[in-house]
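Chains as they are written, first to last, in the working numbering: chain A, 31 to 473; chain B, 4 to 296.
To be clear, the hints were calculated from the coordinates, so they are not data collected in a lab. Check each hint, because a few of them may be wrong.
[Unchecked claim] Listed below are several chain B residues computed to face chain A (Cβ distance under 8 Å; list not exhaustive):
1. Gly45
2. Phe51
3. Ser130
4. Val134
5. His142
6. Gln246
[Said to hold, decoys possible] From the derived model, a few chain A residues whose C-beta atoms are all more than 10 Å from chain B:
7. Thr64
8. Trp74
9. Glu120
10. Ala123
11. Leu445
[Said to hold, decoys possible] What follows is a list of derived Cβ distance ranges for each label pair:
12. Leu149/B / Gly261/A: 38 to 46 Å
13. Tyr57/B / Lys282/A: 24 to 32 Å
14. Ile116/B / Gly261/A: 45 to 53 Å
15. Ile32/B / Asn417/A: 45 to 53 Å
16. Lys282/A / Leu149/B: 47 to 55 Å
17. Ile32/B / Val397/A: 43 to 51 Å
18. Pro100/A / Thr108/B: 55 to 63 Å
19. Leu112/B / Ala215/A: 25 to 33 Å
20. Ile116/B / Lys282/A: 37 to 45 Å
21. Leu149/B / Gln466/A: 49 to 57 Å
22. Asp372/A / Leu23/B: 42 to 50 Å
Where a beta carbon is used, it is the ideal one built from N, C-alpha and C, also for glycine.
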Amino acid sequence: MKKLFTAAVAAAAAIALAGCGSGGTTDPSNVSPTGEVKPREISWLLSRPADGAVINIMKKLADDYAKDHPGFALNLITTPDRPSYIQKLETLAAANKLPELFDTDATPFAQQLAKQGKMVDAEKLLKSLDVYDDYRPSALDYQRFDDGSLHMIPFQFELEFIWYNKALLQKAGVSAPKSLDDIPAMCTALRDAGITPIAIDGQDQWPLERYVAYQPFREAGPEFIQKLKKGEAKFTDPAGQKTVEWLAALGKAKCFQDGFSSQGYSDAQNQFTSGQAAMYNIGTWELPSLATDKLNPDVRDDIDFFTLPTTEGSVTKANEFVSPSGIGMAVNAKTYDPLVSDFLKFALAKYPAEYAATGALSPTTNVETAVPANATPLYKKALEMANDLGDKQAMPWDTQLDPTTNGRLQQELVLLVQGNITPEQFTTTMDSTIAQNAPKFFK
Amino acid sequence: MLPNRSRLSVLVFLLPPLLLYGIAVLFPIMQSLFLSFFSWNGISDMEFVGLENYVRMLTADDIFWRSFFNALGYLAICLVLQLGGALLVASLLTSMRRGRELIKTLYLLPAVISTVAIAFLFVRIYSIEPVGLLNQLLHWIGLGALERPWLSDINTVLAAVSAPEGWRFTGLYMLIIYAALLSVPQELEEAARLDGASRWQLFTKIRFPHIMPVWITTTIMATTYGLRGFDIPYLMTNGGPGQSSELLTTYMYKTAFTSTDFGYASTIAVFIVIECLVAVGLILFMLKRKADA
Numbered sequence: 031m032k033k034l035f036t037a038a039v040a041a042a043a044a045i046a047l048a049g050c051g052s053g054g055t056t057d058p059s060n061v062s063p064t065g066e067v068k069p070r071e072i073s074w075l076l077s078r079p080a081d082g083a084v085i086n087i088m089k090k091l092a093d094d095y096a097k098d099h100p101g102f103a104l105n106l107i108t109t110p111d112r113p114s115y116i117q118k119l120e121t122l123a124a125a126n127k128l129p130e131l132f133d134t135d136a137t138p139f140a141q142q143l144a145k146q147g148k149m150v151d152a153e154k155l156l157k158s159l160d161v162y163d164d165y166r167p168s169a170l171d172y173q174r175f176d177d178g179s180l181h182m183i184p185f186q187f188e189l190e191f192i193w194y195n196k197a198l199l200q201k202a203g204v205s206a207p208k209s210l211d212d213i214p215a216m217c218t219a220l221r222d223a224g225i226t227p228i229a230i231d232g233q234d235q236w237p238l239e240r241y242v243a244y245q246p247f248r249e250a251g252p253e254f255i256q257k258l259k260k261g262e263a264k265f266t267d268p269a270g271q272k273t274v275e276w277l278a279a280l281g282k283a284k285c286f287q288d289g290f291s292s293q294g295y296s297d298a299q300n301q302f303t304s305g306q307a308a309m310y311n312i313g314t315w316e317l318p319s320l321a322t323d324k325l326n327p328d329v330r331d332d333i334d335f336f337t338l339p340t341t342e343g344s345v346t347k348a349n350e351f352v353s354p355s356g357i358g359m360a361v362n363a364k365t366y367d368p369l370v371s372d373f374l375k376f377a378l379a380k381y382p383a384e385y386a387a388t389g390a391l392s393p394t395t396n397v398e399t400a401v402p403a404n405a406t407p408l409y410k411k412a413l414e415m416a417n418d419l420g421d422k423q424a425m426p427w428d429t430q431l432d433p434t435t436n437g438r439l440q441q442e443l444v445l446l447v448q449g450n451i452t453p454e455q456f457t458t459t460m461d462s463t464i465a466q467n468a469p470k471f472f473k
Numbered sequence: 004m005l006p007n008r009s010r011l012s013v014l015v016f017l018l019p020p021l022l023l024y025g026i027a028v029l030f031p032i033m034q035s036l037f038l039s040f041f042s043w044n045g046i047s048d049m050e051f052v053g054l055e056n057y058v059r060m061l062t063a064d065d066i067f068w069r070s071f072f073n074a075l076g077y078l079a080i081c082l083v084l085q086l087g088g089a090l091l092v093a094s095l096l097t098s099m100r101r102g103r104e105l106i107k108t109l110y111l112l113p114a115v116i117s118t119v120a121i122a123f124l125f126v127r128i129y130s131i132e133p134v135g136l137l138n139q140l141l142h143w144i145g146l147g148a149l150e151r152p153w154l155s156d157i158n159t160v161l162a163a164v165s166a167p168e169g170w171r172f173t174g175l176y177m178l179i180i181y182a183a184l185l186s187v188p189q190e191l192e193e194a195a196r197l198d199g200a201s202r203w204q205l206f207t208k209i210r211f212p213h214i215m216p217v218w219i220t221t222t223i224m225a226t227t228y229g230l231r232g233f234d235i236p237y238l239m240t241n242g243g244p245g246q247s248s249e250l251l252t253t254y255m256y257k258t259a260f261t262s263t264d265f266g267y268a269s270t271i272a273v274f275i276v277i278e279c280l281v282a283v284g285l286i287l288f289m290l291k292r293k294a295d296a
């Protein structure tokens with residue numbers, strides 16, 4: 031049956047990766063293994079775009095390294111689709127077949143792996159390679175677990191904005207919102223003018239989950255989700271109720287396009303770039319499509335962005351919003367040896383300059399991002415936002431909650447926004463789901 | 004009774020497939036049964052919990068029951084489309100003089116298209132922004148009031164994800180039933196016609212009883228395939244919105260590979276196995292009784 035099929039897939043994946051070496055140190059805090067560097071093939075299981083900058087640069091760096099170390103090769107196994115990737119990672123972890131390097135967010139599952147000593151202490155590793163101080167503190171903080179420990183190395187740095195179409199807002203007689211609480215009324219005005227207020231990729235679920243994080247981040251700061259996921263805070267709390275009511279209001283004002291739950295990433299982006307939707311919440315990884323001459327000329331001069339609005343009595347500042355450093359790379363403690371250490375030393379020293387040259391924000395501050403020749407003025411404006419960030423950042427909830435609660439939250443959010451359930455039903459369901467599942471993950 | 008030598012050769016030929024079946028089907032089922040008594044997330048130590056998973060499944064899990072009834076709805080729609088559609092088309096085919104091969108090929112075509120392509124195709128067909136085929140058709144024939152995002156509406160999504168699966172295999176079952184209908188003896192039909200039997204009587208008294216064994220097999224096939232339905236709903240809606248198109252299979256898959264609750268997922272898997280066995284048993288029982296009556 032289906033279980034058999036997935037078991038077969040898992041087995042095939044396990045066999046494919048079984049060639050990865052074993053042995054070496056198993057002490058995750060020993061970041062400087064002694065001994066000879068013996069070149070071999072190492073693997074990196076990752077979840078990044080197949081032809082993206084990170085993969086292209088790391089391929090090139092691995093080739094350079096192999097010139098001096100014949101026999102070395104970096105085998106990059108990418109699964110860009112995140113849910114599929116997570117399933118692959120968890121299955122391999124269960125089979126104890128993780129490769130030398132693997133991508134993960136700072137999820138509760140990853141924290142369990144770290145607690146079992148399966149991931150090298152990244153803070154010590156970066157310090158031993160003498161690059162720790164080059165990293166943006168917020169890029170590292172994004173990768174940290176709640177206890178402050180660092181086990182993943184960031185390769186990106188992104189800022190998430192709400193992009194908007196000035197002409198459409200003007201047509202509806204509204205201006206960019208000063209407060210999060212202004213958005214429902216804005217949506218109503220835009221709908222009345224026949225404009226789709228917000229384009230959203232409902233199929234992938236994380237974009238809608240961003241919205242549930244906003245109000246609590248403003249109302250109670252980043253601590254709310256840290257407490258909520260453990261069951262120490264509840265959706266019945268003021269910050270929780272505020273977000274539930276706000277999402278219901280967004281739904282009632284028909285903020286998102288009709289049938290958003292079955293529309294994908296490119297559907298949403300097309301609606302915005304074709305001038306049908308007025309707003310679109312996305313990060314700087316889309317700068318090449320939104321702030322260069324690749325953008326549809328009809329809307330190019332009308333596009334601008336604003337950062338996450340604050341609210342009255344907000345405890346976080348306007349320059350504090352979602353600024354993720356992307357999925358991080360963990361180093362498998364079991365297969366960590368002089369070769370892996372030597373390669374990381376080589377690659378991490380050269381990576382930032384190469385990455386910044388592609389026009390993306392480096393997770394480090396020691397390089398300057400090159401603005402592409404075909405960029406619009408927005409490109410530079412967006413990059414400059416990175417220089418003036420506050421100390422706090424809004425964490426995406428999908429990296430914080432235990433997987434069962436996360437899955438249920440994603441489902442219930444759609445129902446809440448579509449008006450299929452009441453805010454009360456949402457609150458009860460989610461609080462009992464957390465109470466049931468959190469203890470298993472955060473004991 | 005076979006002579007000894009040929010009994011041995013029968014055994015020799017039957018043993019390899021039997022072994023393969025044991026390793027590929029029975030062993031995983033047994034392993035699921037074993038795992039269903041444990042709490043295990045893949046990286047923790049396995050903890051024996053006895054019947055706790057079963058108690059939770061049957062008494063405390065609202066999504067489980069929701070998925071179970073969704074799965075029955077999905078099965079019903081698939082069966083009506085597949086068997087009903089197949090029987091209808093096959094019957095019409097037998098009375099056609101020309102173009103049978105063309106019609107047969109056209110109906111069979113969806114069965115050879117990849118599942119992923121079918122899922123994406125139907126996501127577009129059901130779409131409302133931009134307007135998909137279904138909503139456009141409704142608009143053209145003046146039923147604009149019925150236009151809706153079929154996959155986002157909790158009242159229509161289950162039917163919307165069931166239809167592609169039904170549509171897809173109608174042709175396959177049509178072929179099987181058509182072959183059976185061709186084997187109905189012509190002289191019997193002619194004799195009945197001479198006795199003044201109507202078309203309906205011809206069908207119910209002669210044709211259908213004659214194809215009964217094939218009908219039982221196709222019903223069992225369609226039912227077990229329907230109960231195992233997974234790929235199209237998973238690809239089209241991932242069980243959403245909410246749990247409106249969640250089936251037992253998609254729920255089991257998520258429990259295992261998203262929630263990493265392998266023990267509980269195995270419990271659901273065991274339930275699906277039992278459910279399939281019960282369904283097949285029921286079909287055999289009902290149809291046998293009807294045949295004997």
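Hint by hint, here is what the structure shows:
For Gly45/B, the suggested interface contact is upheld, since its CB lies about 3 Å from the closest CB of chain A, less than 8 Å. The beta carbon of Phe51/B comes no nearer than 16 Å to any beta carbon in chain A, farther than 8 Å, and the hint placing it at the interface is violated. Proximity of Ser130/B to chain A holds as hinted, the smallest CB-CB distance being about 7 Å (cut-off 8 Å). At a threshold of 8 Å, the smallest CB-CB gap from Val134/B to chain A is about 10 Å, leaving the interface hint violated.
Violation of the interface hint for His142/B is found here, the shortest Cβ-Cβ separation to chain A being roughly 14 Å, above the 8 Å cut-off. With its C-beta approaching chain A no nearer than about 6 Å, Gln246/B sits inside the 8 Å limit, and its interface hint holds. Non-interface status of Thr64/A relative to chain B is upheld: no Cβ of that chain comes within 10 Å, the nearest being about 29 Å off. Listed as outside the interface, Trp74/A is consistent with that label: its C-beta sits roughly 20 Å from the nearest C-beta of chain B, beyond the 10 Å cut-off.
With a least beta-carbon separation of about 5 Å from chain B, Glu120/A fails to lie farther than 10 Å from that chain, contradicting its non-interface assignment. Interface exclusion of Ala123/A from chain B breaks down, the closest Cβ pair being 5 Å apart, not more than 10 Å. Some Cβ of chain B comes within 10 Å of the Cβ of Leu445/A; the nearest lies about 4 Å off, and the non-interface call is violated. The hinted window of 38 to 46 Å between Leu149/B and Gly261/A holds, with their beta carbons roughly 44 Å apart.
Distance hint for Tyr57/B and Lys282/A: a CB-CB separation of about 41 Å, inconsistent with the stated range 24 to 32 Å. A beta carbon spacing of about 47 Å between Ile116/B and Gly261/A agrees with the range 45 to 53 Å that was offered as a hint. For the pair Ile32/B and Asn417/A, the supplied restraint of 45 to 53 Å is violated, since their beta-carbon distance comes to about 59 Å. Checking the proposed 47 to 55 Å range against Lys282/A and Leu149/B shows it is violated: the Cβ atoms sit about 23 Å from each other.
Checked against the given bound of 43 to 51 Å, the beta carbons of Ile32/B and Val397/A, roughly 56 Å apart, lie outside it. The supplied range of 55 to 63 Å is met by Pro100/A and Thr108/B, whose beta-carbon atoms lie about 57 Å from each other. Leu112/B and Ala215/A have their C-beta atoms about 51 Å apart, which leaves the hinted 25 to 33 Å range violated. For the hinted restraint 37 to 45 Å between Ile116/B and Lys282/A, the CB-CB distance of approximately 40 Å keeps it satisfied.
The beta-carbon spacing between Leu149/B and Gln466/A, approximately 40 Å, falls outside the hinted interval of 49 to 57 Å. Between Asp372/A and Leu23/B the Cβ separation comes to about 47 Å, which falls inside the hinted range of 42 to 50 Å.
Hints 2, 4, 5, 9, 10, 11, 13, 15, 16, 17, 19 and 21 from the earlier list are contradicted by this structure; the remaining hints agree with it.
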